[in-house]
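Asks: Build out the structure end to end from the sequences listed, making use of the hints.
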Amino acid sequence: MTDLEAAAAIKTKFGEIISEPAEFRGEISINVADAERVAEVCAFAKSIGFNYLVDVSSIDNYGDDPRWTVVYHLRAIVNGAEIRLKTGVSEEKSELPSVIGVWRTANWHEREIYDMMGIRFTGHPDLRRILMWEGYPYHPLRKDFPLAGKPTDLPGVAFTLVTPMEGGPFVTVAGGHDSIAREPRVRVPEDDEVQLNARIEARGDNKDLRGRAFGPGPMEKK
Amino acid sequence: MATVQDIEIRDAAALAAQAVEDAQDIHGEKMVLNMGPSHPATHGVLRIVLELDGEVITKADPDVGYLHRGDEKIAENMTYTQFIPYTDRLDYLAPLANNVAYALAVEKLLGIDKSLQPRCQYIRVMCCELARISAHLLGLGAFAMDTGAVTVFLLTFTEREKVYNLAEAASGARLTTSYTRIGGLMRDVPPTWCGQVKQFCDEFEVALGEAETLLTRNRIWVDRLRDLAVVSREMAIDYGLSGPNLRGSGVDWDLRKNRPYLCYKDLEFDIPVGSVGDCYDRYLVRMEEMRQCVRILRQCLEKIPGGWANDSHEPVNIADGKITLPSKQKVLTSMEELIHQFMLVTEGVNCPSGEIYFGHENPKGELGFYINSRGGGVPYRLKIRAPSFINLSILGELLPGCMISDVPVVLGSLDFVMGESDR
Numbered sequence: 001m002t003d004l005e006a007a008a009a010i011k012t013k014f015g016e017i018i019s020e021p022a023e024f025r026g027e028i029s030i031n032v033a034d035a036e037r038v039a040e041v042c043a044f045a046k047s048i049g050f051n052y053l054v055d056v057s058s059i060d061n062y063g064d065d066p067r068w069t070v071v072y073h074l075r076a077i078v079n080g081a082e083i084r085l086k087t088g089v090s091e092e093k094s095e096l097p098s099v100i101g102v103w104r105t106a107n108w109h110e111r112e113i114y115d116m117m118g119i120r121f122t123g124h125p126d127l128r129r130i131l132m133w134e135g136y137p138y139h140p141l142r143k144d145f146p147l148a149g150k151p152t153d154l155p156g157v158a159f160t161l162v163t164p165m166e167g168g169p170f171v172t173v174a175g176g177h178d179s180i181a182r183e184p185r186v187r188v189p190e191d192d193e194v195q196l197n198a199r200i201e202a203r204g205d206n207k208d209l210r211g212r213a214f215g216p217g218p219m220e221k222k
Numbered sequence: 001m002a003t004v005q006d007i008e009i010r011d012a013a014a015l016a017a018q019a020v021e022d023a024q025d026i027h028g029e030k031m032v033l034n035m036g037p038s039h040p041a042t043h044g045v046l047r048i049v050l051e052l053d054g055e056v057i058t059k060a061d062p063d064v065g066y067l068h069r070g071d072e073k074i075a076e077n078m079t080y081t082q083f084i085p086y087t088d089r090l091d092y093l094a095p096l097a098n099n100v101a102y103a104l105a106v107e108k109l110l111g112i113d114k115s116l117q118p119r120c121q122y123i124r125v126m127c128c129e130l131a132r133i134s135a136h137l138l139g140l141g142a143f144a145m146d147t148g149a150v151t152v153f154l155l156t157f158t159e160r161e162k163v164y165n166l167a168e169a170a171s172g173a174r175l176t177t178s179y180t181r182i183g184g185l186m187r188d189v190p191p192t193w194c195g196q197v198k199q200f201c202d203e204f205e206v207a208l209g210e211a212e213t214l215l216t217r218n219r220i221w222v223d224r225l226r227d228l229a230v231v232s233r234e235m236a237i238d239y240g241l242s243g244p245n246l247r248g249s250g251v252d253w254d255l256r257k258n259r260p261y262l263c264y265k266d267l268e269f270d271i272p273v274g275s276v277g278d279c280y281d282r283y284l285v286r287m288e289e290m291r292q293c294v295r296i297l298r299q300c301l302e303k304i305p306g307g308w309a310n311d312s313h314e315p316v317n318i319a320d321g322k323i324t325l326p327s328k329q330k331v332l333t334s335m336e337e338l339i340h341q342f343m344l345v346t347e348g349v350n351c352p353s354g355e356i357y358f359g360h361e362n363p364k365g366e367l368g369f370y371i372n373s374r375g376g377g378v379p380y381r382l383k384i385r386a387p388s389f390i391n392l393s394i395l396g397e398l399l400p401g402c403m404i405s406d407v408p409v410v411l412g413s414l415d416f417v418m419g420e421s422d423r
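Protein chains in written order, with our numbering: chain F, 1 to 222; chain U, 1 to 423.
For the record, the hints were derived by calculation from the structure and aren't laboratory data.
What the simulated footprint calls covered on chain U by chain F, stretch by stretch (three residues with Cβ under 8 angstroms from a Cβ of chain F suffice, anywhere in the stretch; the number is not a length):
id: 1; region: 60-74
id: 2; region: 234-240
id: 3; region: 362-375
Since we're looking at a predicted model, the values are computed, not measured. Backbone N, C-alpha and C fix where the C-beta goes; we use that ideal spot for every residue, glycine too.
Replies: Rendered as structure tokens:
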């Protein structure tokens, strides 16, 4: 089956929600008008041989409607046919069904798009950020995000989830009441040092989490 | 928080109940172990959160992104040519191959990928194959070292050094080569380069043979690798694996054969495939691929247009002043060339609007560039399909059931590089 025949087969099956195939540099793209049905179209594409999902990309058409375009590159490993599926998603909705049930490789691709663009995938079992850290407030590939970045008021010590050994002897946790004081090689500006000492003083008991006496930390007043 | 509790059991009934409870709890408590992001066996900054039942892994959650530099965002803010140095830093074990992949993608957008100068095509193929050897050698050396065979690492690094010398002779840089340009190359290879490549091929085949005698039939190596982390054919396709990891599972798919680019269709080489899909198969596929690389290199040396020293002055850049830079001589003496140079440097190569995807068979797998252009010299959106990123996504499925000591082996056999995975 050639690329064009595949596009025709998809169009016959789904009718007017599929656009006429567009060709550029020998590649065939078709547009799916209804983003809600993209998983269905993908499942059909897989049934006619497209067993390999090469890539999923997203585009921010900033200032246009729909704002998002999600692009799927499909390939049939058997005969080498390739086709590109595109679907528009509006900014208000920013949501479309996940294709993870069709190809499991979609898992990380969709997490990346969620992370970078902020488009959500319904039915995704584990839609977490993947390249940026959990809790990062922006979606950096959006066109309204500057290249230089934006300041965030995130803790600078640890970015990820709470460590499994939290409270143990060697594990400090971001935001913990004595976490900075317990860092053996901590480097903080002088202003922070004053604040930190005040915090340790306010606590008053000089005990660690297990209730043992807690020796003078590096930030303790001399 | 750990607390200590004293448990006193007095009567027999309570003892019996406790015994039943103990029996149910025979597997003990699960333990969560953080491996990485700074761990010698994760080669870069991969973090895996492992849930362990004794020594057996019950759950694995790979955590990537520690090396994220926002390459795709950067690409949207500079011209096509300016992005070439950033491609060096994707798979930094095979920068030459990344340069070629990116140049070909932009050339496909321009519609000139089929009309490149023949000499340029041959040099690019040689660069790709040298990069493949270099990347596989590092993968193999590190893989063997993690499994306890340090000698192989010394052997492979000696050979890699020679590839670096070749890259330096061609491009002037050992690691950050940036050797390709849109429509050609930074410069032709020096006249002695092809002779050096030939000498490298001769020496490398011997060294590869030595590495092979140390590993392929080594009892310890085979025992540790065989039947470990088996990826079935269907699973490999479903997870979108590419490169040696896909072929190790028995899928006969290589973009150099199935979607030939450059002059690969004029060259003879075989695509090794595995039969089981375990770590040992992936190792064998890489070993054979290196031999095929040498085969390709030797054919290129024979067929390269213009010969080794390019006595007939074959061009390497396509003759289009709107795409490749004119010679300095002409810029200084002719108005038209001066304008071309000015436009190329300030505005970039003027690409038509449209979108293309180009997949290149990189050492780690299919390195793809999806370029969405709205005209002009800057991409509107450039998406990098990073093979390491996609190959790593299978870890959550592969590791459960393995022992913790198998983790370095599985990671070594998948052969990833975080610079590319995190982009």
